[in-house]
Every structure is written in structure tokens, then in C-alpha cells.
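Protein chains: 2
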Amino acid sequence: MTVELICVGTELLLGNIVNTNAAWLAEQCAALGLSCYYQTVVGDNAQRLAGILRTGLERSDILILSGGLGPTQDDLTKETAAQVCGRKLTEDARSLSRIEEYFRERGLKMTDNNRKQALVPEGALVVDNDNGTAPGLILEKDGKRIILLPGPPNELIPMFEKKIAPYLLSLDPDGPSVIYSRTVKICGLGESGVEAMITDLEALSNPTVAPYAKTGEVHLRVTARAAEEKEAKKLVKPVVKELERRFGRSVYTTKNEVTLEDAVVKLLKKHGLTVSTVESCTGGLAAGRLVNVPGVSDVFKTGFITYSNKAKRKLVGVKKETLERYGAVSPETAREMALGAAKASGADVTVSVTGIAGPDGGSEEKPVGLVYMACFVCGNVWVERFQFKGNRAKVREASVAAALTLMRGCILEVFG
Amino acid sequence: MTVELICVGTELLLGNIVNTNAAWLAEQCAALGLSCYYQTVVGDNAQRLAGILRTGLERSDILILSGGLGPTQDDLTKETAAQVCGRKLTEDARSLSRIEEYFRERGLKMTDNNRKQALVPEGALVVDNDNGTAPGLILEKDGKRIILLPGPPNELIPMFEKKIAPYLLSLDPDGPSVIYSRTVKICGLGESGVEAMITDLEALSNPTVAPYAKTGEVHLRVTARAAEEKEAKKLVKPVVKELERRFGRSVYTTKNEVTLEDAVVKLLKKHGLTVSTVESCTGGLAAGRLVNVPGVSDVFKTGFITYSNKAKRKLVGVKKETLERYGAVSPETAREMALGAAKASGADVTVSVTGIAGPDGGSEEKPVGLVYMACFVCGNVWVERFQFKGNRAKVREASVAAALTLMRGCILEVFG
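Order-wise, the sequence lines are chains A and B.
In this text, residue positions in the first sequence follow the UniProt record's numbering: the first is 1, and each later residue adds one.
In this text, residue positions in the second sequence follow the UniProt record's numbering: the first is 1, and each later residue adds one.
Quick caveat, the hints were computed from the structure, so don't treat them as lab data.
There may be inaccurate statements among the hints.
Because identical chains cannot be distinguished in the list, a pair is counted as satisfied if it fits within a single copy or across any two copies.
[As the list claims (entries may be wrong)] The list that follows gives simulated cross-link-like pairs (lysine-lysine, DSS-like), each with its CA atoms no further than 30 Å apart: (1) K163 / K109; (2) K162 / K389; (3) K269 / K320; (4) K343 / K266; (5) K389 / K214; (6) K319 / K343; (7) K109 / K366; (8) K266 / K366; (9) K310 / K320; (10) K109 / K389; (11) K319 / K269; (12) K310 / K266; (13) K270 / K237; (14) K255 / K270; (15) K141 / K163; (16) K214 / K366; (17) K266 / K394; (18) K162 / K394; (19) K163 / K230; (20) K310 / K343; (21) K394 / K255; (22) K214 / K394.
Please work from the sequences and hints to get the whole structure.
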């Protein structure tokens with residue numbers, strides 16, 4: 001089956017916002033095994049939207065629309081879809097009472113506009129919205145489907161995951177099926193290197209293996225389709241196992257929702273370790289990523305940002321001679337920063353980052369993108385040299401990912 | 001004139017990447033006074049792309065395509081556009097020598113594939129690519145234009161700004177014109193409040209005034225169109241002045257490229273001030289934003305991340321009694337953090353952030369999203385209370401913007 005994404009909103013046409021809904025829906029549809037050949041953005045204009053809907057119905061089996069279900073005059077996705085399908089709008093009692101409840105719960109006043117959101121095309125399937133006032137809608141026309149979703153991602157995403165994905169799977173002409181996927185997340189290896197090691201697995205058809213490159217990480221999504229979840233899981237399991245075997249310690253998780261910082265914090269907690277950071281060019285961003293993890297306070301107590309040489313000396317006791325002889329961006333300074341942070345904070349694990357993020361400050365000997373890091377784990381120290389590419393923001397982002405990866409690797413080195 | 005954006009790439013259809021090109025191009029086209037009614041994404045498929053091109057030529061004056069100009073077999077945007085326009089491809093000597101030079105300069109080996117990138121449709125205008133190997137191309141067909149741009153943003157953006165925007169302006173049927181725009185950037189005021197103060201200006205047609213909401217900021221873009229830049233500037237100037245008058249100190253810049261952290265660092269440099277941060281729930285992100293600014297080392301030396309109570313006491317000397325009596329998230333603690341950071345770092349200006357980012361840790365009295373900040377400027381201290389909405393990431397992002405805004409406000413308070 002083919003699906004087509006249609007995002008409705010003048011703010012998209014004006015470039016006021018980036019179309020993250022399209023990317024998210026596209027990824028979900030691909031995981032569901034649906035082929036998507038077209039994505040369209042169109043404004044809140046009935047005539048143009050109707051044209052796009054008619055074209056879409058000619059060339060695709062399922063149209064998924066997002067946006068334009070709001071309470072204002074501008075919002076006319078529902079009205080236009082109903083018109084294209086030759087349906088009238090009628091008030092849906094259940095939706096109305098849910099909208100009334102939504103406002104009551106929040107102590108807000110419901111306006112007449114909001115009542116409009118309870119109007120649904122005759123014969124449409126109404127999909128409850130647990131996070132907003134506009135219900136989702138599914139219309140059928142000559143064996144094709146038009147699915148209308150609210151635009152705000154915090155409404156669209158849970159509605160799609162809980163209601164629309166199962167619905168789409170139920171349409172499978174080979175009988176109802178489920179999709180099950182797991183993501184093998186790899187840190188510290190490059191994209192091309194990872195891809196070279198999985199060419200055989202990329203040729204599989206069920207489960208499929210698809211790589212997604214992230215900063216400092218590669219995610220391999222393993223997706224299977226089967227009549228029942230148990231069966232789909234059974235197909236995914238051996239491939240995940242094989243990937244774990246091939247990539248060994250570079251795999252930091254096989255769970256979709258776990259991030260690299262989650263994995264590092266989990267590892268610290270597992271071994272009862274506390275952690276501290278000492279950062280120069282990343283200026284607090286490595287600590288900032290650790291603090292993404294709710295409950296990090298059990299392990300992360302203190303961080304140092306030592307941007308100047310003086311701060312490196314004063315806060316974490318880097319020696320004046322070290323700075324003079326080797327410079328602030330050197331393996332020696334990185335090492336003393338990590339050791340000094342351990343001493344000053346009392347943490348079991350520390351990581352230091354010192355480098356040249358650019359655009360200025362580079363030299364032939366120490367070019368922009370050169371970053372040294374050190375990691376201290378219970379008395380042991382490792383120092384690593386990195387040469388990153390890209391602008392200031394990229395160098396810093398890559399450094400943060402590398403710092404987390406280094407920390408993880410060193411803890412595993414000590415604790416196995 | 002109407003423009004239509006067509007982004008080519010299977011990775012967009014699969015949701016592997018977010019379509020930031022479309023948003024960027026849409027914003028540029030809007031600023032150029034071009035109306036855009038459709039954006040389409042299509043894969044690297046000749047038949048479907050040809051269909052999209054034909055539909056586009058029927059309904060729009062100008063088609064702007066991005067992507068699919070690479071050296072591989074997959075890349076067929078140029079070939080398909082040439083075919084739709086009934087043109088042959090011929091080797092462009094200038095492009096070939098530029099591609100050869102590109103590889104020579106970088107000490108890389110040029111492959112036969114890359115030679116393909118020097119093929120251009122007969123009669124096409126060739127646009128130099130200063131940051132890659134694929135030249136841009138402009139094709140004319142029956143008074144309509146097809147503009148082909150490379151997909152990588154670091155190639156597309158400079159090419160559009162330097163070459164395509166002036167070309168588009170030269171097409172104006174009322175004679176060549178230029179666009180000039182300035183952005184009045186406002187911090188510390190909400191979007192609805194700002195909009196309420198500019199309803200009269202939003203009704204203007206030349207210049208136009210368009211609001212863009214950012215985290216903790218609202219940007220008002222003032223854009224004029226005229227035969228000459230001087231004239232366009234003359235139209236923009238009084239409106240920018242009027243906006244500055246209305247929003248006073250809340251305007252931190254009227255320059256398009258200046259960020260809030262740039263403005264804060266500039267203000268610090270102007271008054272010869274050094275700065276330090278002390279962060280709890282933001283965990284280094286406020287320092288991280290300051291360190292976005294190249295050359296920040298003149299003013300930013302030291303930052304503290306005091307996530308635990310112990311770190312608050314040890315690093316910046318918050319009193320045990322203060323923490324016990326008022327708690328870590330309190331105006332008193334925020335105040336002592338800012339004062340303590342000033343003492344420990346010797347900085348002239350410090351900002352502290354302590355709050356509950358969630359999802360846990362909230363209470364009836366101190367709910368998730370409650371954040372206290374204090375700012376120290378040369379002996380003076382201000383404390384502020386914020387109640388932010390959203391998840392952990394949103395609360396922290398909003399806190400960082402508010403911390404920069406607070407710092408700026410306090411420095412202005414002291415130094416005028």
C-alpha cells in the first residue's frame with residue numbers, strides 16, 4: 001500500500017516553522033512497511049487543498065494529513081476533506097463532551113469556536129485526541145483512506161502511535177499484521193564503517209535493517225512484520241543478537257527510547273559511581289547532556305567550566321608549567337583537568353574536554369577541530385585525541401558525543 | 001510571481017532527515033515577496049519527478065528544486081529537468097575546470113562520476129558552487145523558470161543568497177527590484193503581548209512586518225522592496241525605529257545575524273566585564289550558549305555546575321542553613337549562588353539558575369517548571385521567579401533564554 005503525506009499550514013509555506021511532522025510521519029510509515037512517494041505542503045486554502053486531495057486520491061492508497069483542524073476560521077482541512085468525499089458535517093456527541101471536559105478540567109472557558117471542533121464528516125471514524133481538542137478523523141472513499149491528524153506534535157505523535165498505526169496495520173491486504181522494531185544503537189563508530197559490516201543484513205526483507213546516522217552514533221533499526229507481535233519479535237530477536245555480536249561493546253542499547261546519556265547514567269548507577277565534568281570548548285554542553293536524564297542527581301553532583309587557563313588552574317589545579325609547555329589544548333592538560341576534577345569534586349568518574357572549536361584559534365600544528373579529552377575512572381586515566389570536521393557548533397556537538405562515548409568505554413574497561 | 005519548492009531525495013521520504021531546506025527556502029522566498037502555495041517532496045525517481053515538474057510548471061511561475069545533483073546514479077534531478085524541458089546535456093567547460101580545481105585544492109582524487117556533474121542542459125544558466133562540486137542551474141521554458149540547487153545546506157544557502165536571490169529580484173515584471181530586511185529581536189516579552197502592540201504595523205504592505213516566535217524571544221522581520229537598495233533601506237528605517245521606540249530595552253538587536261548570546265557578550269565586552277555562570281537544573285546549558293559566541297574567552301572564564309546541594313555549598317558557598325530552611329529551589333539559594341559564584345570566580349557579572357525541570361521533583365508548593373534565577377552585577381543582585389511550561393527539555397531551554405535576558409537587563413540597569 002502507498003501512503004502520501006499532506007501537511008497543511010500557511011506557517012509551513014512561509015517557512016516560519018520546520019516540517020518536523022512530515023519527517024516523523026515518514027519514518028513511522030516506513031517502519032510500518034508503507035511506501036511513500038510524495039509529501040506535499042499546502043496552505044490553509046480550500047481550493048488548493050481540494051486539488052491536492054484529488055491528486056493524492058488518484059496516485060496513493062492512503063492520504064495522511066496533518067494540521068488545519070484547529071478552532072479558527074483559517075482551519076478548513078476537515079471541511080475540505082468532507083467536501084472532496086461528498087460528506088456533510090454533523091456534530092459528534094462524544095467529541096463534544098470530550099472537548100467540554102478538556103476545558104472543564106483545565107478551568108478554561110470554552111468558546112463557540114471550539115464547538116466547531118466536534119463537527120465530523122458523516123460516516124467518518126472519529127479518533128480520540130487525549131492531548132487536545134481536535135479529534136482525528138478517518139474517511140473512506142472508493143477503497144482509499146483520508147486520515148486527518150491535528151498539527152501540534154504533542155497531539156499528533158501519541159494519536160498516531162496509539163490509534164493510527166494499529167489501524168494502518170489492520171488494512172494489510174494479507175490480513176491484519178503488526179510491526180515490531182528495535183533499534184541497535186552504536187556509539188564511537190563511523191557510519192560508513194558500520195554500513196560496511198551490515199551489507200548482508202541490509203538485504204533482508206523481514207526483518208529489515210535500516211541505518212540512521214546521528215552525531216557520534218549510528219542507529220540500526222530492525223523491523224519485522226507478522227500476524228502477531230510474538231511472531232514479529234521472534235523475527236527481530238536473532239538479528240538484534242547478531243548485530244550485538246558484530247558490534248560488541250559499541251552497542252550501548254537495543255531499546256528505542258534509550259539515549260546515549262541515559263546509557264551512561266545507567267552504567268554509573270549500576271556501579272554506584274558519581275561523575276563530574278570539566279569542560280573548556282564545549283562550555284558546559286557535556287554536563288548539559290548528562291542533565292537531560294531525569295534522576296541524574298544520584299550520580300552527577302558537580303561540573304566545572306574552565307574556559308580560561310586561570311580557571312583551569314584555579315578550579316581543577318592544572319599546573320602552570322603544563323599550560324605553558326604544552327598549551328591548553330594538549331593531552332597533558334586534558335589529563336590534568338580530568339585528574340583535578342576528580343580531586344576537586346570527589347567524583348569516581350570525570351571527563352575533560354579541551355579543544356579548538358573555531359572559527360579562530362587554529363594553527364597548522366593545532367587546527368580547528370582538534371580536541372583532547374581525558375577520562376578518569378577510580379584512579380585510572382585515559383587520554384584521547386580527536387580531529388572533528390565542521391563549524392564551531394558541529395565540533396562542539398561531536399565533542400559532547402565523543403566525551404560520553406569515551407566515559408562509557410572507560411567505565412566498561414574498569415568494571416567490564 | 002508564484003514560486004513552488006520541490007525537494008528531491010529518498011532520505012526525505014523515509015524520514016531519515018528533516019526538510020530544513022524547504023523551511024529555509026520558504027522564508028527566503030517570502031522575504032523576496034514571492035508567493036509560495038505548494039512544497040513537494042519526491043524521491044530520486046525520474047518518472048515521478050517529471051510528473052511533479054509538469055504539474056508545477058502548470059500552476060507556478062518558478063520552480064525551485066533542491067537535491068539530486070550529486071555524482072551518483074541515484075541523482076537524476078538535472079537529467080529529468082532537462083528532459084521535461086526538451087534539452088540535451090552537454091559538458092560545461094567552466095564547471096569541469098572548477099570541479100577539477102575543487103579536487104586538486106583538497107588533494108582528493110576526482111572520479112569519473114564527478115565529471116558527470118559538469119554536464120548541463122543546453123541553454124541553461126550555470127551558477128557557480130563555491131562550496132561543492134555540483135553547479136546550480138537555471139532553465140527557462142515558456143516564460144517559466146526551473147532553478148536547480150544542490151541539496152547540502154552549506155552549498156544551497158550561500159548559492160541562494162549570493163546568486164539566486166538577486167536573479168529572482170531581476171525577474172520582477174515591474175522592473176528589477178531589491179529586497180532589504182532587518183530583524184528587530186525582542187527578548188523577555190511574550191508573543192501575544194508583542195503582537196498586540198504591532199497590529200497596526202502588521203497591516204503595512206511595504207515594508208511588511210512579520211513576527212517569528214522563538215524560545216524566550218520574538219523576532220519582527222521588517223522587509224521592504226524597492227528599485228534600489230537605498231530606497232528599500234529608507235522604507236525599512238522608520239519602521240525599525242518605531243519598533244525600537246515601542247519595545248525599548250527589550251530590543252536586543254536590529255541586525256539579522258546577531259543572537260541573544262552575541263548581544264550579551266557584546267554588552268559585557270563594551271563595559272569591560274567578565275562573567276561566570278552557576279547552574280543547577282540547566283546543568284551547563286547557559287554557559288554552553290555563551291560559549292556559542294566566538295571570542296567569548298575575553299569575558300567568560302569560569303562556570304560552575306552545582307547540581308547537588310553539596311556542590312552548591314562547596315563550589316559557591318551557599319549556606320547550609322539557607323538550603324535547609326528555604327530549599328535548593330528558592331530565591332534565597334539563587335541569590336547566594338550568584339553571590340558565591342562572583343566571589344569564587346572574581347567575575348563582575350554572574351547568573352545563577354536553580355529550578356525543577358521535571359518530570360519528577362515537583363510539589364504543590366514548588367511545581368515542575370518553577371525556576372529561580374539571580375544576577376549579580378558589580379555588587380548589585382537581582383532575583384527573579386519564573387514558572388515555565390512544558391517538558392524537561394522545554395523548561396531548561398526556556399530557563400537558558402531567560403537567564404541571558406535577565407543578565408542583559410541587569411547590566412543595562414547598572415550601566416544604562
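These are the hints, each one checked on the structure:
no.: 1; hint: K163 / K109; result: within (28 Å within a copy, 52 Å between copies)
no.: 2; hint: K162 / K389; result: between (40 Å within a copy, 25 Å between copies)
no.: 3; hint: K269 / K320; result: between (35 Å within a copy, 26 Å between copies)
no.: 4; hint: K343 / K266; result: within (23 Å within a copy, 35 Å between copies)
no.: 5; hint: K389 / K214; result: both (15 Å within a copy, 28 Å between copies)
no.: 6; hint: K319 / K343; result: both (14 Å within a copy, 22 Å between copies)
no.: 7; hint: K109 / K366; result: between (62 Å within a copy, 25 Å between copies)
no.: 8; hint: K266 / K366; result: between (35 Å within a copy, 27 Å between copies)
no.: 9; hint: K310 / K320; result: both (9 Å within a copy, 28 Å between copies)
no.: 10; hint: K109 / K389; result: between (53 Å within a copy, 19 Å between copies)
no.: 11; hint: K319 / K269; result: between (32 Å within a copy, 28 Å between copies)
no.: 12; hint: K310 / K266; result: between (34 Å within a copy, 22 Å between copies)
no.: 13; hint: K270 / K237; result: within (25 Å within a copy, 61 Å between copies)
no.: 14; hint: K255 / K270; result: within (17 Å within a copy, 50 Å between copies)
no.: 15; hint: K141 / K163; result: within (20 Å within a copy, 46 Å between copies)
no.: 16; hint: K214 / K366; result: within (26 Å within a copy, 37 Å between copies)
no.: 17; hint: K266 / K394; result: both (26 Å within a copy, 23 Å between copies)
no.: 18; hint: K162 / K394; result: between (36 Å within a copy, 24 Å between copies)
no.: 19; hint: K163 / K230; result: within (20 Å within a copy, 57 Å between copies)
no.: 20; hint: K310 / K343; result: both (17 Å within a copy, 15 Å between copies)
no.: 21; hint: K394 / K255; result: both (26 Å within a copy, 24 Å between copies)
no.: 22; hint: K214 / K394; result: both (12 Å within a copy, 21 Å between copies)
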